[in-house]
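**Student:** Read off the chains here:
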Amino acid sequence: MPSMNMVQALNSAMDVLLERDPNVLIFGEDVGYFGGVFRVTDGLQKKYGRQRVFDTPIAEGGIVALAVGMGAYGLRPVAEIQFADYIYPAYDQLVSEAARIRYRSGAEWWCPITVRAPCGGGIFGGQTHSQSPEALFTHVCGLTTIMPSNPYDAKGLLISATEDDDPVVFFEPKRLYNGPFDGHPDRPATPWAKHPMSEVPEGHYRIPIGKASIVRPGAAVTVLTYGTMVHVSLAAAAETGIDAEIIDLRTLVPVDIEAIAASVNKTGRCVIVHEATRTSGYGAELSAMVQEECFFKLEAPIERVTGWDTPYPHAFEWQYFPGPARVGEALRRVTSDGGA
Amino acid sequence: MPSMNMVQALNSAMDVLLERDPNVLIFGEDVGYFGGVFRVTDGLQKKYGRQRVFDTPIAEGGIVALAVGMGAYGLRPVAEIQFADYIYPAYDQLVSEAARIRYRSGAEWWCPITVRAPCGGGIFGGQTHSQSPEALFTHVCGLTTIMPSNPYDAKGLLISATEDDDPVVFFEPKRLYNGPFDGHPDRPATPWAKHPMSEVPEGHYRIPIGKASIVRPGAAVTVLTYGTMVHVSLAAAAETGIDAEIIDLRTLVPVDIEAIAASVNKTGRCVIVHEATRTSGYGAELSAMVQEECFFKLEAPIERVTGWDTPYPHAFEWQYFPGPARVGEALRRVTSDGGA
Amino acid sequence: MPDHPALQLHIPEPKHRPGEAADFSHIRLPKAGSVERPLITTSAYDIRELAFQLIRVLDDEGSPKGAWDPGLDAETLKRGLRAMLLTRAYDERMVRMQRQGKTSFYMKCTGEEAVAVAQAFAFERNDMFFPTYRQQGLLIARDWPILDMMCQVYSNSGDRLKGRQMPVMYSSREAGFFSISGNLGTQISQAVGWAMASAYKGDTRIASGWIGDGATAEPDFHYALTLASVYHAPVVLNVVNNQWAISCYQGIAGGDESTFASRGIGYGIPALRVDGNDFLAVFAVTRWAAERARSNLGPTLIELFTYRAAAHSTSDDPSRYRPADEYEKWPLGDPVDRLKRHLVAAGAWSNDEHQAMLAEVDAQVRDAGKQAEELGTLNHGPRPDVRTMFEDVLKEVPWNLARQRKELGL
Amino acid sequence: MPDHPALQLHIPEPKHRPGEAADFSHIRLPKAGSVERPLITTSAYDIRELAFQLIRVLDDEGSPKGAWDPGLDAETLKRGLRAMLLTRAYDERMVRMQRQGKTSFYMKCTGEEAVAVAQAFAFERNDMFFPTYRQQGLLIARDWPILDMMCQVYSNSGDRLKGRQMPVMYSSREAGFFSISGNLGTQISQAVGWAMASAYKGDTRIASGWIGDGATAEPDFHYALTLASVYHAPVVLNVVNNQWAISCYQGIAGGDESTFASRGIGYGIPALRVDGNDFLAVFAVTRWAAERARSNLGPTLIELFTYRAAAHSTSDDPSRYRPADEYEKWPLGDPVDRLKRHLVAAGAWSNDEHQAMLAEVDAQVRDAGKQAEELGTLNHGPRPDVRTMFEDVLKEVPWNLARQRKELGL
Ligand SMILES: Cc1ncc(C[n+]2csc(CCOP(=O)(O)OP(=O)(O)O)c2C)c(N)n1
Ligand SMILES: Cc1ncc(C[n+]2csc(CCOP(=O)(O)OP(=O)(O)O)c2C)c(N)n1
Ligand SMILES: [Mg+2]
Ligand SMILES: [Mg+2]
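Protein chains in written order, with the working numbering: chain R, 355 to 694; chain W, 355 to 694; chain X, 2 to 411; chain B, 2 to 411.
Source of the hints: derived by calculation from the structure; they are not laboratory data. For glycine and all other residues, C-beta sits at the position ideal for the given N, C-alpha and C. Hints are not guaranteed to be accurate.
What the hints assert, rightly or not - Here are the simulated EDC-like cross-link-like pairs (lysine to aspartate or glutamate), alpha carbons at most 16 Å apart as the crow flies:
#, chain 1, residue 1, chain 2, residue 2
1, W, 565, W, 610
2, B, 407, R, 517
3, X, 396, R, 519
4, W, 400, X, 329
5, B, 202, W, 375
6, X, 396, R, 518
7, X, 330, X, 24
8, R, 651, W, 653
9, X, 396, R, 462
10, X, 202, R, 647
11, X, 330, X, 37
12, W, 401, W, 373
13, B, 32, B, 62
14, X, 407, W, 683
15, X, 407, X, 392
16, B, 396, W, 653
17, R, 620, R, 647
18, W, 651, W, 691
19, R, 400, R, 369
20, X, 79, X, 338
21, R, 400, B, 14
22, X, 32, X, 61
23, B, 32, B, 60
24, W, 400, W, 373
25, W, 651, R, 653
26, B, 32, B, 70
27, B, 396, W, 683
28, R, 565, R, 610
29, B, 396, W, 462
30, W, 401, W, 375
31, B, 371, B, 93
32, B, 396, W, 375
33, X, 66, X, 37
34, X, 396, R, 517
35, W, 620, W, 593
36, W, 565, W, 518
37, R, 565, R, 518
Said to hold, decoys possible - Taking CB as the label site, the calculated pair distances span:
#, chain 1, residue 1, chain 2, residue 2, range
38, W, 565, X, 332, 54 to 60 Å
39, X, 42, B, 37, 30 to 36 Å
40, B, 77, W, 519, 36 to 42 Å
Model the full assembly from the supplied sequences, consistent with the hints where possible.
**Tutor:** Written out as structure tokens, the structure is:
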């Protein structure tokens, strides 16, 4: 099986989709001839032609509007928002339109679109190239929100998202494009090639939407996380030696409540880790759900390790980023006796 | 002291602000000559002139952009978004601009703007005139989010918001404009005149941002709520006879964590009530905070009573709305022995 | 800058307000037949002046003039007249029903019937519409059952939208009528996406989108113009300039500074401005634009100059913001009267026939109304199944909604 | 529709791609001095054709021609030349420093220096600017210390923005330069708000906003035009059409269909199109627009026709998407050379003086660079106090941030 990094895996997903289904179109800012500022659509225009893979004006709202209209016609567009930080001009079309069309029309129309957006920090992008706005979408009923953490999942989930008949917001942690970053910027970067999840079939396969993955089984504490923080959490478990069960949620909404409940009911402890700002982040929902599902099994307060409630500062990227040290401390606190 | 309904109280706040500070301007769709579709700015253009109270094009993003630019000049604009459901086109200017300008400029610029928006259901407005999108703002650092529940607070908070040097999103539960609606649409409407919080001074006063109000002291369970649900929760307590301590948060961010913690540490039980959809709603943050602050005092799972995770359906407004019956059931469950 | 006077802020204001007499004498009205009709292959640049003109066909006596006369046969015109009358009768009844509490809300298109009806006639039956809430005439002109529309307005057991949408937010896949959004503007950019999809597939169907004068200030209008221009999308973009956006006259949307049609110029989109109350002119202009689109020549922008004769909606009271006699003074008259006069002048119609048609559409509306009420009204009688409230958020009901449905005891 | 052929989707494509020779022969270049100069009181409608012209003052020999010649004295022009040279030298150094790892990112404005510098000269010192990331020349022309700018680029201990912003996202209240946003377009509508505030206060200061050709597709461009038009805001709105938006040529933004200046026509905004590499023309056109604004005559839209000679940013490699020789073939030349040639032709400048000025600005940049590096670079030396990370989210630090600061052990 070929080894792919996340950029290649996403590219391969779109290649497969374009190949199999003439109704799949790919578009966005700089995605055509150039192949995307992160090269995720590299070579696709050349292979499938300008009519299927093309550049758009710089109008994120217009990009999503096009996708909605194309979806109503019967196509399956995959649109790119160059950075998740620039998705806000498209917010109205996503929230008021894409997410609502099936419901408001009594299922007479629907919206089989996928909106890809690189998210997260770690590349010195400052406050407008580092955001993780997933919680702004998890609150919107009618949207499915996905964030993969490795090449294999990324490809399988992007195929599922595109083949899904409802709108999907698909966040790609850009710091993971080239390697499984574990939160140690000072250490030499590891490439994906050494990671088992970089073995990616060339053809078509799906990862089911709504299913989490236990990336590290454990008994001492459950870690609920997704995206880059999966690798950071693994590093924290390794570094602290705490036997954490680490769950990569993959799909945030609809979330895999069974996997979550089963694990926390087993471990009795829970740490939630995400890169986004804390207040009203998706971690809040996870925390609320866990205590609703597992209250009588909880032996310690659920902790959240997250980005601070500030914009992502250019100079203090690594003070902002919730790295393994902070996750490790939370693991220690939550697993220490009494939990506090 | 005059008795005012919420429309009159908000109008009075703007009247006081316009009178005292020549830098205050009021604008939005239909707010000028007409006085607003809910009459909240009625008479103000006539009194202060077209240059201070005026109509704008139908461009919510442009309205907020104007406010941001005016704020940079040194004015204190108060802009109206006709319905909170229409705030999404302004999302980018609010999130990427208003909320970020102080931080990104090292406090060289700031953004003393207030954005008012009527929210919530109960007027058969269907899915595009009934939304409660507060959680989409509570996640955004740099924004203050307020929702008053009565005329006295509404006036005092709108004055504080306008005089605040940072951007405030000010949600007005439209179902409360004319009376303290308790969630019983079938019963005759009560006017504000009979309610003590309708006694509103004519002049200038403030309600501090970030301070909750205990609207019903109690010992059995803490109810965290805001807006219309304050009255629904009061009705539920009365109807169930449960001695609930009902806290009207008033400001959602920055929230009054001390009042919340003190109450739940006392009662050991907590129910969170809001009208917005549940998943990733502001109730999730409240729940997460409560269990972080009060874990060892909690005797039962925290419950959330909220709108369903669907758009607000026109025909089923009252099946959607989290009325006193649903709140009452939650109060009973949470206060019953064992809590579950 | 001591040599410069203090700046002043300009706030536009309509010429007249309640209590004053309306006056439209500032409006330039070219004579019927006076505006040239270019070939559809003419470049946007070469016909840019048309954006400042007003294409009119019917003169004051009701005779058609000039190159834009579409030469429609009397049968077609009578069908058009009937669709306009039916639209009007339907509107009248639904407002009455709203007043009687049978629904929460309604919106008429009185005075603007020619826009939707004549435009629907100018398209092929399977072309795709992305309308606003004031184009009910599109459905009626496509012979969509008003019973179905009424059920939507009543959110009753016959409502295909399962009671989810506010009144008048129709949807009909069968009629090529996209689900109306409560959020202004969003449909017009979607129309471009649909049109691009059609072009991509090598289809022959084109799309059309509508937007109000007020809503042109929203981003989607700009997206639609930009995207249609860049990709030469086969789409007809319509601005219905009915002079008002709730209480705001069209100057608040920029209409005092230039025509809405002229917005097309800067995007290189051919733009036509038409007397929106002239059935023949609206038909001709729309057909011209549709032909352009279908011939792979790209988008056209049409400004339909008309007047919102009624209140914005049942929640509105226009006497608070505009002179009571505005509609009387409105120089472009009533589209129904004008088409009727034309047919009579052409010897194809009589007052008696007209009365008979009026009676007939009234009866049709009454009958449909009775049937609809048997299926329920907003607060009485049969309604959609409340369990459906939890469906169609996604294709499959996710676990959270299944649980919530149970919480509600269903 | 059997009588209609299948529709086809048009996707614009630049005339030439890497490996091919660039060719700009399709560009219409009016002669210097050939475009009329209307009175500032002329209506937008009457001068709408100017949006399709190109105002040029300097001819190929460097002599100024026609009514738009601003007649600037040699001293002013030399200051302009110096500011352009300083901008270029600053850009060169910062790109080098980025390559050396001293910061994360940089953006040059090479080939576009006349835009910002000549425009800054045309405004009053206290007029307010809402720039994009490619108008560093505005700050330099206002004699803002490049040391301060470097500290921002390095996010070092001297950075007034406390290390919070990516490089080049300057802010200077003192220089009347609004905090640059990383989100495209948002500043141009804010400029209108500032201008309206100034008008409301009876001030005499006006505002100006900039936007790139690519970013004109964003909603804020539409808001700016709509709002400036409706309220007659005293603002100058500038589209810097440098032909590229990262890898997308200006046709992807609609530039193949009409000029960006012509966007103003539909909003009734006077619109001028100017040779952006002609210092005199840029100055003259901007001064004309500023005079209009300051005389309460409202907004002007200016398209500055220029070329992005360098990469989009240090993260970009233009050889992947455009012919290598494009800049050589670009017909409007280099703004520095053209102004220099003009001064030499006018007998006010010599090659020696020019060399001396080059050496002088280089030394200035070098000195500032050394000072800046003493204050730190992104990953070395002194930096802002990390505690400040939690400040300025709101005016007062709220409880959650106070706690988070503590969590971080600060
Ligand atoms: C995004 C958005 N903003 C505001 C509104 C509230 N609103 C509904 S209709 C209307 C006026 C629209 O005027 P116009 O576009 O001219 O259409 P008309 O009603 O005249 O047909 C407004 C402001 C809305 N529905 N959506
Ligand atoms: C809202 C938003 N979308 C996308 C981007 C990413 N981006 C940064 S610069 C750029 C190209 C801008 O081109 P143009 O407006 O022509 O300006 P230029 O770089 O040529 O000066 C893009 C797409 C962004 N910064 N903001
Ligand atoms: Mg209108
Ligand atoms: Mg550009």
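**Student:** State for each hint whether it applies.
**Tutor:** Each hint tested on the structure:
Restraint check for residue 565 of chain W and residue 610 of chain W: the C-alpha separation of about 5 Å stays at or below 16 Å, so the hint holds. Annotation: proposed proximity of residue 407 of chain B to residue 517 of chain R is violated, straight-line Cα distance about 46 Å (limit 16 Å). Between the alpha carbons of residue 396 of chain X and residue 519 of chain R the distance comes to roughly 7 Å, so the proposed pair stays at or under 16 Å and holds. Note on residue 400 of chain W and residue 329 of chain X: the hinted pairing is violated, with a Cα-Cα distance of about 28 Å set against a maximum of 16 Å.
The suggested pairing of residue 202 of chain B with residue 375 of chain W holds, with an alpha-carbon distance near 12 Å, which does not exceed 16 Å. Distance hint between residue 396 of chain X and residue 518 of chain R is fulfilled; the C-alpha atoms sit about 9 Å from each other, no more than 16 Å. For a cut-off of 16 Å, the pair hint linking residue 330 of chain X to residue 24 of chain X stands: about 7 Å separates their Cα positions. At most 16 Å may separate the alpha-carbon atoms for a hinted pair to count; residue 651 of chain R and residue 653 of chain W meet this at roughly 12 Å.
For a cut-off of 16 Å, the pair hint linking residue 396 of chain X to residue 462 of chain R stands: about 11 Å separates their Cα positions. Of the supplied pair hints, the one linking residue 202 of chain X and residue 647 of chain R is violated, its CA atoms being roughly 49 Å apart against a limit of 16 Å. Restraint check for residue 330 of chain X and residue 37 of chain X: the C-alpha separation of about 28 Å exceeds 16 Å, so the hint is violated. With a C-alpha separation of about 10 Å, the suggested pairing of residue 401 of chain W with residue 373 of chain W holds against the 16 Å cut-off.
Among the hinted pairs, residue 32 of chain B with residue 62 of chain B is consistent with the structure: their alpha-carbon atoms are about 12 Å apart, no more than 16 Å. Between residue 407 of chain X and residue 683 of chain W the CA atoms are separated by roughly 14 Å; this keeps the pair inside 16 Å, and the hint holds. As the CA atoms of residue 407 of chain X and residue 392 of chain X are separated by approximately 13 Å, the hinted pair is consistent with the 16 Å bound. As the CA atoms of residue 396 of chain B and residue 653 of chain W are separated by approximately 38 Å, the hinted pair breaks the 16 Å bound.
Distance check on the hinted pair: residue 620 of chain R and residue 647 of chain R sit about 12 Å apart at the alpha-carbon level, within 16 Å; holds. Restraint check for residue 651 of chain W and residue 691 of chain W: satisfied, since their Cα atoms lie roughly 15 Å apart, inside the 16 Å limit. At roughly 11 Å between alpha-carbon atoms, residue 400 of chain R and residue 369 of chain R fall within 16 Å of each other, so this suggested pair holds. Restraint check: the Cα-Cα separation between residue 79 of chain X and residue 338 of chain X comes to about 13 Å, which is no more than 16 Å; the hinted pair holds.
With a C-alpha separation of about 13 Å, the suggested pairing of residue 400 of chain R with residue 14 of chain B holds against the 16 Å cut-off. About 9 Å separates the Cα atoms of residue 32 of chain X and residue 61 of chain X, which keeps this hinted pair within 16 Å; it holds. In summary, the hint linking residue 32 of chain B to residue 60 of chain B is supported, as the alpha carbons are separated by about 7 Å, within the 16 Å threshold. Between residue 400 of chain W and residue 373 of chain W the CA atoms are separated by roughly 13 Å; this keeps the pair inside 16 Å, and the hint holds.
About 13 Å separates the Cα atoms of residue 651 of chain W and residue 653 of chain R, which keeps this hinted pair within 16 Å; it holds. Restraint check for residue 32 of chain B and residue 70 of chain B: the C-alpha separation of about 13 Å stays at or below 16 Å, so the hint holds. Proposed proximity of residue 396 of chain B and residue 683 of chain W is contradicted: the alpha carbons are some 42 Å apart, above 16 Å. The suggested pairing of residue 565 of chain R with residue 610 of chain R holds, with an alpha-carbon distance near 5 Å, which does not exceed 16 Å.
A threshold of 16 Å between alpha carbons decides the hint, and for residue 396 of chain B with residue 462 of chain W the separation of about 11 Å falls inside it, so the pair holds. Between residue 401 of chain W and residue 375 of chain W the alpha-carbon distance is near 14 Å, which keeps this suggested pair within the 16 Å criterion. Proposed proximity of residue 371 of chain B and residue 93 of chain B is supported: the alpha carbons are some 15 Å apart, at most 16 Å. Restraint check for residue 396 of chain B and residue 375 of chain W: the C-alpha separation of about 21 Å exceeds 16 Å, so the hint is violated.
Annotation: proposed proximity of residue 66 of chain X to residue 37 of chain X holds, straight-line Cα distance about 11 Å (limit 16 Å). Restraint check: the Cα-Cα separation between residue 396 of chain X and residue 517 of chain R comes to about 12 Å, which is no more than 16 Å; the hinted pair holds. Annotation: proposed proximity of residue 620 of chain W to residue 593 of chain W is violated, straight-line Cα distance about 23 Å (limit 16 Å). Between residue 565 of chain W and residue 518 of chain W the CA atoms are separated by roughly 15 Å; this keeps the pair inside 16 Å, and the hint holds.
At roughly 15 Å between alpha-carbon atoms, residue 565 of chain R and residue 518 of chain R fall within 16 Å of each other, so this suggested pair holds. With their beta carbons about 59 Å apart, residue 565 of chain W and residue 332 of chain X fall inside the hinted range of 54 to 60 Å. Take residue 42 of chain X and residue 37 of chain B: their Cβ atoms lie about 31 Å apart, and the range 30 to 36 Å holds. Checked against the given bound of 36 to 42 Å, the beta carbons of residue 77 of chain B and residue 519 of chain W, roughly 40 Å apart, stay inside it.
Violation of the numbered hints given earlier is confined to hints 2, 4, 10, 11, 16, 27, 32 and 35; the remaining hints are satisfied by the structure.
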